[in-house]
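Enquirer: Chains as they are written, first to last, in our numbering: chain A, 8 to 211; chain B, 8 to 211; chain C, 486 to 811; chain D, 486 to 811.
Errors might be hidden in some of the hints.
[Claimed, not checked] Far from chain C, some chain B residues (derived; all Cβ distances over 10 Å):
#: 1; residue: Asp9
#: 2; residue: Ala10
#: 3; residue: Ala25
#: 4; residue: Ala57
#: 5; residue: Gly64
#: 6; residue: Glu99
#: 7; residue: Glu100
#: 8; residue: Gln111
#: 9; residue: Ala112
#: 10; residue: Ala118
#: 11; residue: Gly121
#: 12; residue: Glu164
[To be verified] Among chain A residues calculated to face chain D with C-beta under 7 Å, some are:
#: 13; residue: Glu29
#: 14; residue: Arg30
#: 15; residue: Thr32
#: 16; residue: Asn46
#: 17; residue: Arg178
It should be emphasised that the hints constitute simulated quantities derived from the structure, not laboratory data. No residue lacks a Cβ here, since even glycine has one placed at the ideal position from N, Cα and C.
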Amino acid sequence: MDAAFCTAWLEEAAGAVAEGRERLTALDSAIGDGDHGANLDRGFSEVRQALAAGGAGQPLTVAGVTLIRKVGGASGPLYGSALRAMGKALAEEFTVADFAAAFQAGVDEVARLGKAEEGDKTMLDALGPAARALALAVGEGAGAREAFERAARAAREGAAATVPMVARKGRASYLGERSAGHEDPGAASSAMILDALAAVGARW
Amino acid sequence: MDAAFCTAWLEEAAGAVAEGRERLTALDSAIGDGDHGANLDRGFSEVRQALAAGGAGQPLTVAGVTLIRKVGGASGPLYGSALRAMGKALAEEFTVADFAAAFQAGVDEVARLGKAEEGDKTMLDALGPAARALALAVGEGAGAREAFERAARAAREGAAATVPMVARKGRASYLGERSAGHEDPGAASSAMILDALAAVGARW
Amino acid sequence: MKKLINSPGGVVGDALRGMAAAHPSLLVRDQVVYRASGPVAGKVGLVSGGGSGHEPLHAGFVGYGMLDAACPGEIFTSPVPDQIIAATQAVDGGAGVLHIVKNYTGDTLNFELAADLTEGAEVATVLVDDDVAVQDSLYTAGRRGTGATLFVEKMAGAAAEQGTPLTEVARVAAEADRRSRSFGIALTSCTTPAAGKPTFDLPDDQVELGVGIHGEPGRRRVPHTGARELAEVAMDAVHGDLPLYGDLLVMVNGMGGTPLIELYVVFAEVEAYVRAKGARVTRSLVGNYVTSLDMQGFSVTVCHLDDELTRLWDAPVETPGLRWGR
Amino acid sequence: MKKLINSPGGVVGDALRGMAAAHPSLLVRDQVVYRASGPVAGKVGLVSGGGSGHEPLHAGFVGYGMLDAACPGEIFTSPVPDQIIAATQAVDGGAGVLHIVKNYTGDTLNFELAADLTEGAEVATVLVDDDVAVQDSLYTAGRRGTGATLFVEKMAGAAAEQGTPLTEVARVAAEADRRSRSFGIALTSCTTPAAGKPTFDLPDDQVELGVGIHGEPGRRRVPHTGARELAEVAMDAVHGDLPLYGDLLVMVNGMGGTPLIELYVVFAEVEAYVRAKGARVTRSLVGNYVTSLDMQGFSVTVCHLDDELTRLWDAPVETPGLRWGR
Ligand SMILES: Nc1ncnc2c1ncn2[C@@H]1O[C@H](COP(=O)(O)OP(=O)(O)O)[C@@H](O)[C@H]1O
Ligand SMILES: Nc1ncnc2c1ncn2[C@@H]1O[C@H](COP(=O)(O)OP(=O)(O)O)[C@@H](O)[C@H]1O
Ligand SMILES: [Mg+2]
Ligand SMILES: [Mg+2]
Ligand SMILES: [Mg+2]
Ligand SMILES: [Mg+2]
Numbered sequence: 008m009d010a011a012f013c014t015a016w017l018e019e020a021a022g023a024v025a026e027g028r029e030r031l032t033a034l035d036s037a038i039g040d041g042d043h044g045a046n047l048d049r050g051f052s053e054v055r056q057a058l059a060a061g062g063a064g065q066p067l068t069v070a071g072v073t074l075i076r077k078v079g080g081a082s083g084p085l086y087g088s089a090l091r092a093m094g095k096a097l098a099e100e101f102t103v104a105d106f107a108a109a110f111q112a113g114v115d116e117v118a119r120l121g122k123a124e125e126g127d128k129t130m131l132d133a134l135g136p137a138a139r140a141l142a143l144a145v146g147e148g149a150g151a152r153e154a155f156e157r158a159a160r161a162a163r164e165g166a167a168a169t170v171p172m173v174a175r176k177g178r179a180s181y182l183g184e185r186s187a188g189h190e191d192p193g194a195a196s197s198a199m200i201l202d203a204l205a206a207v208g209a210r211w
Numbered sequence: 008m009d010a011a012f013c014t015a016w017l018e019e020a021a022g023a024v025a026e027g028r029e030r031l032t033a034l035d036s037a038i039g040d041g042d043h044g045a046n047l048d049r050g051f052s053e054v055r056q057a058l059a060a061g062g063a064g065q066p067l068t069v070a071g072v073t074l075i076r077k078v079g080g081a082s083g084p085l086y087g088s089a090l091r092a093m094g095k096a097l098a099e100e101f102t103v104a105d106f107a108a109a110f111q112a113g114v115d116e117v118a119r120l121g122k123a124e125e126g127d128k129t130m131l132d133a134l135g136p137a138a139r140a141l142a143l144a145v146g147e148g149a150g151a152r153e154a155f156e157r158a159a160r161a162a163r164e165g166a167a168a169t170v171p172m173v174a175r176k177g178r179a180s181y182l183g184e185r186s187a188g189h190e191d192p193g194a195a196s197s198a199m200i201l202d203a204l205a206a207v208g209a210r211w
Numbered sequence: 486m487k488k489l490i491n492s493p494g495g496v497v498g499d500a501l502r503g504m505a506a507a508h509p510s511l512l513v514r515d516q517v518v519y520r521a522s523g524p525v526a527g528k529v530g531l532v533s534g535g536g537s538g539h540e541p542l543h544a545g546f547v548g549y550g551m552l553d554a555a556c557p558g559e560i561f562t563s564p565v566p567d568q569i570i571a572a573t574q575a576v577d578g579g580a581g582v583l584h585i586v587k588n589y590t591g592d593t594l595n596f597e598l599a600a601d602l603t604e605g606a607e608v609a610t611v612l613v614d615d616d617v618a619v620q621d622s623l624y625t626a627g628r629r630g631t632g633a634t635l636f637v638e639k640m641a642g643a644a645a646e647q648g649t650p651l652t653e654v655a656r657v658a659a660e661a662d663r664r665s666r667s668f669g670i671a672l673t674s675c676t677t678p679a680a681g682k683p684t685f686d687l688p689d690d691q692v693e694l695g696v697g698i699h700g701e702p703g704r705r706r707v708p709h710t711g712a713r714e715l716a717e718v719a720m721d722a723v724h725g726d727l728p729l730y731g732d733l734l735v736m737v738n739g740m741g742g743t744p745l746i747e748l749y750v751v752f753a754e755v756e757a758y759v760r761a762k763g764a765r766v767t768r769s770l771v772g773n774y775v776t777s778l779d780m781q782g783f784s785v786t787v788c789h790l791d792d793e794l795t796r797l798w799d800a801p802v803e804t805p806g807l808r809w810g811r
Numbered sequence: 486m487k488k489l490i491n492s493p494g495g496v497v498g499d500a501l502r503g504m505a506a507a508h509p510s511l512l513v514r515d516q517v518v519y520r521a522s523g524p525v526a527g528k529v530g531l532v533s534g535g536g537s538g539h540e541p542l543h544a545g546f547v548g549y550g551m552l553d554a555a556c557p558g559e560i561f562t563s564p565v566p567d568q569i570i571a572a573t574q575a576v577d578g579g580a581g582v583l584h585i586v587k588n589y590t591g592d593t594l595n596f597e598l599a600a601d602l603t604e605g606a607e608v609a610t611v612l613v614d615d616d617v618a619v620q621d622s623l624y625t626a627g628r629r630g631t632g633a634t635l636f637v638e639k640m641a642g643a644a645a646e647q648g649t650p651l652t653e654v655a656r657v658a659a660e661a662d663r664r665s666r667s668f669g670i671a672l673t674s675c676t677t678p679a680a681g682k683p684t685f686d687l688p689d690d691q692v693e694l695g696v697g698i699h700g701e702p703g704r705r706r707v708p709h710t711g712a713r714e715l716a717e718v719a720m721d722a723v724h725g726d727l728p729l730y731g732d733l734l735v736m737v738n739g740m741g742g743t744p745l746i747e748l749y750v751v752f753a754e755v756e757a758y759v760r761a762k763g764a765r766v767t768r769s770l771v772g773n774y775v776t777s778l779d780m781q782g783f784s785v786t787v788c789h790l791d792d793e794l795t796r797l798w799d800a801p802v803e804t805p806g807l808r809w810g811r
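Build out the structure end to end from the sequences listed, making use of the hints.
Expert: Given below as structure tokens:
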């Protein structure tokens with residue numbers, strides 16, 4: 008795999024986020040401030056433009072820097088730093104195993120910056136399981152297609168598992184017990200982005 | 008007739024205004040600022056208290072001064088000045104004819120202060136016809152009961168006739184053509200006050 | 486209706502208690518708001534007033550360089566003569582008192598009665614009538630007084646503070662009014678505490694053009710397109726009545742429920758409109774100053790400045806609602 | 486939804502155009518608001534910022550005695566590092582720059598990234614976290630920054646204006662925060678331009694207790710009884726966290742859609758509460774200062790004054806949103 012794969016993933020993710028925008032807004036309205044859909048959609052549109060402008064550098068790094076620079080909010084620097092860390096961890100050509108390791112590096116960056124851990128009802132609850140599923144699949148010798156699919160499934164399940172949680176990080180934490188009963192918007196967007204990965208993996 | 012009659016009329020009017028408060032508010036909301044019911048109710052409650060306090064002077068004069076001093080808005084000084092002028096025009100004992108003349112003096116005071124004439128869609132459109140009906144009845148030798156009834160009918164008809172009018176005075180005038188199609192709140196309250204007069208006349 | 490009040494009838498009294506507690510520079514007595522420092526000897530006293538529900542107008546403009554006393558009536562109901570008489574007598578510093586009265590039947594009647602009954606103080610009156618949504622004619626009640634009231638109070642207040650005599654202060658006040666025009670647009674109706682429901686119903690895609698400041702409906706309804714279009718409607722009305730040229734003081738005023746960010750959006754459009762006409766905004770004010778309870782919407786008030794009015798506008802003022810220069 | 490805007494995506498840019506047009510003392514460049522007069526040599530620079538929708542916070546507090554620059558993000562979205570870096574570099578007068586950051590994940594992340602990436606200027610940061618509706622614990626994001634931000638900006642701004650060095654200005658800012666507590670109550674949800682409908686639904690007889698300033702729901706709902714009861718709930722929460730005593734600076738702040746008359750009603754109750762506890766309101770502020778778009782409701786912020794903070798509060802300030810002493 009190479010830069011083209013990363014670009015395809017980012018394009019697919021941009022489409023998924025645009026399509027899922029209203030849902031993310033609704034989730035963030037329930038337990039946050041209602042801007043997660045707009046934030047990510049704005050960010051990924053900028054990513055598309057940045058990629059189309061054809062600048063130098065790993066697409067994931069370009070995307071990461073773009074999200075950091077253009078989105079704001081919590082999700083901008085978190086997703087941005089994750090993608091940038093991933094991009095930096097990847098050589099020009101890479102294997103699924105390399106990708107899985109880079110992905111883990113990205114997830115670690117989210118945890119570090121956000122001072123969060125799994126169970127806090129954040130994007131980490133989708134990203135963490137996805138990273139582990141990816142590593143496990145690679146360890147079991149799965150190809151890209153299967154590995155990405157298993158990661159996406161883990162992210163979806165992880166996002167769903169945030170519903171009963173009481174938030175301890177991010178805006179939702181301000182609601183205390185009332186945050187329970189709603190899916191975390193960041194976890195939901197993570198699942199969308201992993202679904203995009205699986206979709207691109209399936210046709211690669 | 009004497010002061011006791013005037014007191015009885017004012018008491019009856021206070022009751023009528025309290026009962027009609029919501030209707031006056033609704034009428035004033037449509038083409039004014041929605042406070043006519045509250046204004047008159049507050050004013051006549053004060054009148055009741057002033058009369059109960061049993062101060063000296065003609066009850067109508069007391070009521071007039073009270074309305075001037077306590078109501079504010081357009082209707083406070085207009086009704087207040089009218090009642091004060093009436094009270095001043097009446098001797099301790101008076102006939103229906105005296106009353107009719109005093110009533111006309113009150114109505115003239117409204118026209119003078121308000122710089123209004125009939126057809127401007129104001130309380131004058133109820134008060135003017137009532138004054139004329141009263142004078143006519145007296146001229147035809149009618150007793151108090153009949154005279155007050157005819158005045159009340161004229162006031163009701165006058166109020167109803169304000170519906171199609173385009174206002175030229177008061178807040179309703181700001182609506183221009185849009186003021187047509189609604190009864191003037193001041194004309195409606197005038198009709199209530201004249202109905203109270205007829206009710207008291209009937210049992211006097 | 487949800488309001489931060491204790492009871493519909495108690496709003497004005499409760500709010501005045503709050504004002505007195507918040508502003509040691511104010512003194513509230515018998516529903517009249519005074520400068521706590523008392524009348525200024527030799528200075529013309531300025532008294533204004535009107536229904537409540539327009540805050541900070543009028544009580545928020547009591548203080549150095551503006552009013553000496555404000556007489557707040559009940560919500561949207563002009564004050565009673567007793568308040569005005571008491572205020573007039575209390576603020577007279579020997580140089581007479583100017584009544585600043587918005588042109589409404591109720592306000593003019595009550596202020597006239599008060600002026601007639603006031604003993605001791607010489608009284609002059611200025612009528613504010615700036616709202617171009619209302620036709621000015623002998624056969625109507627004339628134009629309403631709205632946003633320009635703030636300009637008149639500020640400019641006349643500055644003149645009075647400088648020791649100008651009553652006739653001159655009255656002339657300045659009338660001049661400020663003569664050079665000012667306003668137009669207001671509502672996105673929603675306000676809700677008076679007494680009524681408990683909106684004064685008028687406005688569909689979610691319509692706005693009401695030419696509203697006053699008492700929740701009364703306007704002249705007509707049009708679909709809501711956007712800030713630029715509404716600013717244009719308002720400015721066309723103002724410009725149509727008194728063409729824009731030269732140096733202007735422009736206020737984009739919120740009706741009470743409109744957040745500041747939206748008022749700045751409107752101001753950007755208004756300023757562009759003025760520039761396109763070849764005139765200039767040299768002074769401005771953006772915020773909620775002459776309000777209608779919780780109504781959403783805005784009004785624009787434009788005053789054609791000359792050197793004198795500019796100087797009076799720039800003079801120091803120290804009130805809860807307007808403050809600069811000290 | 487009816488708003489005075491041209492397009493949901495353009496609100497912030499349009500409003501900043503309006504601000505720049507209305508206030509010649511401000512300069513807007515690349516979505517950063519600066520003092521037009523430029524950096525002050527030898528003075529510590531003050532930079533704040535955060536999502537838009539809280540006007541006049543922050544951009545309305547740029548000027549003498551307060552901020553040197555404000556970085557407005559999109560509506561309720563923290564600004565991006567580029568804005569903060571540019572602002573920090575531009576306002577550095579050689580004495581370093583203080584970042585005043587409200588405690589939200591997004592704000593802290595973006596300001597941290599910016600501080601890391603800023604070259605040239607020495608940067609110190611103060612986190613504002615005054616909202617007692619949120620539990621402060623190692624296992625949460627900590628208390629939110631709300632109304633006290635204004636106090637911190639004013640007091641640190643005054644210190645900076647007096648030539649105080651960076652570490653001292655940072656100490657004053659932290660001290661102002663440490664001594665302040667807030668609690669907010671919503672009568673209605675706000676509506677963001679992007680969503681176009683209220684963030685949460687609130688029945689007509691309920692209020693939301695413990696709301697922040699981003700339209701996020703609060704901790705719980707209770708029936709709306711009246712201003713006195715709500716003031717008591719808010720003050721109980723504040724007093725329960727940091728008992729009231731001595732001299733207090735108290736702000737009764739509107740959420741953007743609440744008219745001033747209601748805020749004064751609330752202030753009367755708050756002041757009575759403070760007195761009943763044996764403490765004193767010696768300084769106060771009543772108005773819409775730290776808002777949530779068009780939300781109706783209020784917050785109370787209390788700061789325990791000492792001589793130093795009182796002096797800094799009283800010092801002259803000249804910004805669009807707060808002005809006295811010049
Ligand atoms: N400290 C944190 N660590 C990890 N993720 C976080 C943290 N805080 C917030 N998030 C994620 O960010 C999402 C919210 O993103 P967004 O709505 O765009 O930003 P904001 O909260 O600033 O409005 C949350 O749903 C959560 O998944
Ligand atoms: N100039 C006037 N002459 C006669 N009556 C008037 C005049 N202006 C107003 N009114 C009467 O007063 C009524 C309104 O009274 P009210 O609502 O109490 O006062 P306001 O208009 O000040 O709110 C109108 O319906 C009208 O009948
Ligand atoms: Mg959000
Ligand atoms: Mg009325
Ligand atoms: Mg009225
Ligand atoms: Mg946000």
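Enquirer: All the hints need checking, so say for each whether the structure fits it.
Expert: Tested hints:
1. Distance to chain C confirms Asp9 of chain B as a non-interface residue, since its nearest Cβ pair spans about 29 Å, more than 10 Å.
2. The non-interface label for Ala10 of chain B is consistent with chain C: the shortest C-beta to C-beta separation is roughly 25 Å, beyond 10 Å.
3. Once the 10 Å rule is applied to beta carbons, Ala25 of chain B is consistent with being away from chain C; the minimum gap is 14 Å.
4. Chain C leaves Ala57 of chain B outside its interface by the beta-carbon criterion, the shortest separation being 14 Å against a cut-off of 10 Å.
5. Gly64 of chain B, annotated as away from the interface, keeps every beta carbon of chain C farther than 10 Å; the closest lies near 17 Å.
6. Its beta-carbon lying about 27 Å from the closest one in chain C, Glu99 of chain B satisfies the requirement of being farther than 10 Å from that chain.
7. At roughly 30 Å from the closest C-beta of chain C, the C-beta of Glu100 of chain B stays outside 10 Å, upholding its exclusion from the interface.
8. Every C-beta of chain C lies more than 10 Å from that of Gln111 of chain B, the closest at about 21 Å, which supports listing it as non-interface.
9. Distance check on Ala112 of chain B: its Cβ is at least 18 Å (rounded) from any Cβ of chain C, clearing the 10 Å threshold; non-interface status holds.
10. Distance to chain C confirms Ala118 of chain B as a non-interface residue, since its nearest Cβ pair spans about 13 Å, more than 10 Å.
11. The Cβ of Gly121 of chain B sits about 7 Å from the closest Cβ of chain C, inside the 10 Å cut-off, so the non-interface label is violated.
12. No Cβ of chain C approaches the Cβ of Glu164 of chain B within 10 Å, the least distance being about 24 Å, so the stated non-interface status holds.
13. At its closest, the beta carbon of Glu29 of chain A sits 9 Å from a beta carbon of chain D; the interface hint therefore is violated under the 7 Å criterion.
14. Taking 7 Å as the C-beta contact cut-off toward chain D, the hint placing Arg30 of chain A at the interface is violated, the least distance being around 12 Å.
15. The beta carbon of Thr32 of chain A is positioned within 7 Å of a beta carbon in chain D (closest approach about 6 Å), and the interface hint is therefore held.
16. A cut of 7 Å between beta carbons decides the hint on Asn46 of chain A: the least distance to chain D is about 6 Å, and the hint holds.
17. Residue-level restraint check for Arg178 of chain A holds (minimum Cβ-Cβ distance to chain D is 6 Å; threshold 7 Å).
Hint compliance for this structure: hints 11, 13, 14 are not met, and every other hint is.
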